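The residues making up each chain are set out below.
Protein chains: 2
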Amino acid sequence: MGLSRRDLMKKAGIAAVGTGFAGLTLSMANRAIGAGDPQQIKIPELPWPYKKLDPVAVAEAAYEGYYKGACGYGVFESIIAPLQKAIGFPFTMMPLALFTVGQGGVADVASVCGCLNGAAHAIFLVTGGLDKKPRETSYAIIQDVFLWYEQTALPDYRPSKPKFEIIKTVSASNLCHVSVSKWCKASKFKSFSKERSERCAWLTAATAKHTAEILNTYADGAFKIAYPLSAAAEACRSCHDKGSKLENSRAVTDCGGCHFTPSMKQDHSKL
Amino acid sequence: MGLSRRDLMKKAGIAAVGTGFAGLTLSMANRAIGAGDPQQIKIPELPWPYKKLDPVAVAEAAYEGYYKGACGYGVFESIIAPLQKAIGFPFTMMPLALFTVGQGGVADVASVCGCLNGAAHAIFLVTGGLDKKPRETSYAIIQDVFLWYEQTALPDYRPSKPKFEIIKTVSASNLCHVSVSKWCKASKFKSFSKERSERCAWLTAATAKHTAEILNTYADGAFKIAYPLSAAAEACRSCHDKGSKLENSRAVTDCGGCHFTPSMKQDHSKL
Numbered sequence: 214m215g216l217s218r219r220d221l222m223k224k225a226g227i228a229a230v231g232t233g234f235a236g237l238t239l240s241m242a243n244r245a246i247g248a249g250d251p252q253q254i255k256i257p258e259l260p261w262p263y264k265k266l267d268p269v270a271v272a273e274a275a276y277e278g279y280y281k282g283a284c285g286y287g288v289f290e291s292i293i294a295p296l297q298k299a300i301g302f303p304f305t306m307m308p309l310a311l312f313t314v315g316q317g318g319v320a321d322v323a324s325v326c327g328c329l330n331g332a333a334h335a336i337f338l339v340t341g342g343l344d345k346k347p348r349e350t351s352y353a354i355i356q357d358v359f360l361w362y363e364q365t366a367l368p369d370y371r372p373s374k375p376k377f378e379i380i381k382t383v384s385a386s387n388l389c390h391v392s393v394s395k396w397c398k399a400s401k402f403k404s405f406s407k408e409r410s411e412r413c414a415w416l417t418a419a420t421a422k423h424t425a426e427i428l429n430t431y432a433d434g435a436f437k438i439a440y441p442l443s444a445a446a447e448a449c450r451s452c453h454d455k456g457s458k459l460e461n462s463r464a465v466t467d468c469g470g471c472h473f474t475p476s477m478k479q480d481h482s483k484l
Numbered sequence: 214m215g216l217s218r219r220d221l222m223k224k225a226g227i228a229a230v231g232t233g234f235a236g237l238t239l240s241m242a243n244r245a246i247g248a249g250d251p252q253q254i255k256i257p258e259l260p261w262p263y264k265k266l267d268p269v270a271v272a273e274a275a276y277e278g279y280y281k282g283a284c285g286y287g288v289f290e291s292i293i294a295p296l297q298k299a300i301g302f303p304f305t306m307m308p309l310a311l312f313t314v315g316q317g318g319v320a321d322v323a324s325v326c327g328c329l330n331g332a333a334h335a336i337f338l339v340t341g342g343l344d345k346k347p348r349e350t351s352y353a354i355i356q357d358v359f360l361w362y363e364q365t366a367l368p369d370y371r372p373s374k375p376k377f378e379i380i381k382t383v384s385a386s387n388l389c390h391v392s393v394s395k396w397c398k399a400s401k402f403k404s405f406s407k408e409r410s411e412r413c414a415w416l417t418a419a420t421a422k423h424t425a426e427i428l429n430t431y432a433d434g435a436f437k438i439a440y441p442l443s444a445a446a447e448a449c450r451s452c453h454d455k456g457s458k459l460e461n462s463r464a465v466t467d468c469g470g471c472h473f474t475p476s477m478k479q480d481h482s483k484l
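Taken in sequence, the protein lines are chains A and B.
Per our numbering, the very first residue in the first sequence carries number 214; after that it's consecutive.
Per our numbering, the very first residue in the second sequence carries number 214; after that it's consecutive.
What the hints contain is simulated information worked out from the structure, not anything from laboratory work.
Possibly wrong hints are sitting among the right ones.
Since the list gives no way to pick out one identical chain from another, each pair is judged satisfied if it fits inside one copy or across any two copies.
Said to hold, decoys possible - Simulated crosslink set (BS3-like; lysine-lysine; CA at most 25 Å straight-line):
| # | residue 1 | residue 2 |
| --- | --- | --- |
| 1 | K395 | K458 |
| 2 | K298 | K255 |
| 3 | K381 | K395 |
| 4 | K395 | K455 |
| 5 | K455 | K398 |
| 6 | K345 | K403 |
| 7 | K346 | K265 |
| 8 | K346 | K281 |
| 9 | K381 | K455 |
| 10 | K281 | K298 |
| 11 | K346 | K455 |
| 12 | K264 | K298 |
| 13 | K345 | K255 |
| 14 | K455 | K407 |
Small disclaimer: the values here were computed from a predicted structure and weren't measured.
Only chain A is shown next, with the shape it has when bound in the complex (with noise of 0.2 Å):
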């Protein structure tokens, strides 16, 4: 059996109005009909747009997803999910759990901070892209990040119904191997004890937090760096880094988070 225009137009759900197809728009009658075909959808470049978040509600979903994804999860979703619901495409596009893999500082390997890494790929989604003024711009953002995260005595929130209450420490590094060990060494928990995945997750909703701060500044065109290298870090890389004498490595990071041990202390005196 056949189909009049009529029965088309109200089996995709829409009354026929005005002068008939003329009158249905293209995106009237894609979203009518269904959904559209994903094939012919072309993704924007980056940076997407961003929208001023509130940094709790993102500190208290970033502690919530990490008990979901883990860390780089909590981070990325908490900033990103927001973004999915105010603005929709392209930011309903991205498959969040892709961003589980920052976990335990990539795939349980405990290098980068999974909330560190979490965090730099958010930033860069909305601040970042393949040319160079983005690609800088972007860094700088996550460089600070990265510095703050390294610096502070963290994690500094507190989610509203925590598991556990959870000691502040300074990692001096951007691994998770290092401000796991650290937190351990100060709180007497284990590695891998329920209050240092609490400690994580409190880590997780910090750095989602002040990740949300600096993204508002950004977009309020406020930003600035607020966490330079530490005077420790500048000397050594005033050898090592690059125009130096030695030009021999690249870090933007606090250098005893690994060079830690007298002998090496010693080796530099006799320099």
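With chain A held as given, fit chain B onto it using these hints.
Only chain B this time, still in chain A's reference frame:
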């Protein structure tokens, strides 16, 4: 003026076939009418489908990609762009430029090597997910790539049109900082030289090739751990890992990448 059902279908660029609307699938209608409303499109959950790739083509693309968007982008793009071509949606929804942020150990901080960060995200996209089973499966693959990276003399792939010849080094670490410094020491090239960039371009190609190979193996149902933790690291972990006497750290890496000084060894000899 109104339009007949025949006109409507003609306008949509398709012939009326069979039993009319019943023969016009939603997908056909949407494809015919246009791209659809992206706000209505839902992104599938992870893992996304994988199709086996040519590892050498991936390596060559990764080398080129390095000079466009650095290490993280180079690896991620060389794996995912061919899947965009072969499969289309949902891979076409992934903004490849996002993974530029892995550059130089995340935004030039020199933390986790960007090749590994890009590889981890690509692997998780096609093997991982929030649920425990895909998450653990994906982490096993990613950890194998991380340990391959730190235990292997790299770069072990020579691009077809290199700018310079590049020597191999073993990093014993997953960190950009360590990997670059060791290569600089062995090669005598500076850390911000064109030769070091070229080395990282080769490393991007090598890591992408290895990642494609391991994903192909996984697609064949034949993945097995090929790079277990070193005996030396296992000895360390026996006192510091989950369930051990101290249980005071997390790490799936060679420890000597950072704990490298004689005094550290001496402290341990007293235990």
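Tested hints:
In the homo-oligomer, the alpha carbons of K395 and K458 lie at most 25 Å apart only across protomers (17 Å), although the nearest pairing inside one protomer, at 33 Å, exceeds that limit. For a Cα distance limit of 25 Å, the shortest separation of K298 from K255 qualifies both inside one copy, at 20 Å, and across copies, at 13 Å. When the C-alpha separation of K381 and K395 is checked against a cutoff of 25 Å, the pair qualifies only within one copy, where the shortest distance is 10 Å, while the shortest distance between copies is 34 Å. In this assembly of identical chains, K395 and K455 lie within 25 Å of each other by CA distance solely across copies; the values are 16 Å between and 30 Å within a copy.
Taking identical chains as interchangeable, the C-alpha atoms of K455 and K398 lie at most 25 Å apart only when they sit on different chains, with a minimum of 15 Å there against 35 Å within one chain. In this assembly of identical chains, the alpha carbons of K345 and K403 lie at most 25 Å apart only when taken from different copies (23 Å versus 44 Å within one copy). Within a single copy, K346 and K265 get their C-alpha atoms as close as 22 Å, which meets the 25 Å cut-off; across copies the closest is 36 Å, which misses it. For the identical chains of this complex, K346 and K281 are inter-copy neighbours only, at 14 Å across copies versus 35 Å inside a copy, given an alpha-carbon limit of 25 Å.
Taking the shortest alpha-carbon separations for K381 and K455, only the inter-copy value of 22 Å comes in at or below 25 Å, while the best intra-copy value is 34 Å. In the homo-oligomer, the alpha carbons of K281 and K298 lie at most 25 Å apart inside one protomer (19 Å), although the nearest pairing across protomers, at 32 Å, exceeds that limit. When the C-alpha separation of K346 and K455 is checked against a cutoff of 25 Å, the pair qualifies only within one copy, where the shortest distance is 20 Å, while the shortest distance between copies is 44 Å. Taking CA atoms no more than 25 Å apart as the test, K264 paired with K298 passes inside one copy only; the shortest distance there is 11 Å, against 32 Å between copies.
Taking the shortest Cα distances, K345 and K255 sit within 25 Å of each other inside one copy (23 Å), while across copies they are farther apart (32 Å). In the homo-oligomer, the alpha carbons of K455 and K407 lie at most 25 Å apart only across protomers (12 Å), although the nearest pairing inside one protomer, at 43 Å, exceeds that limit.
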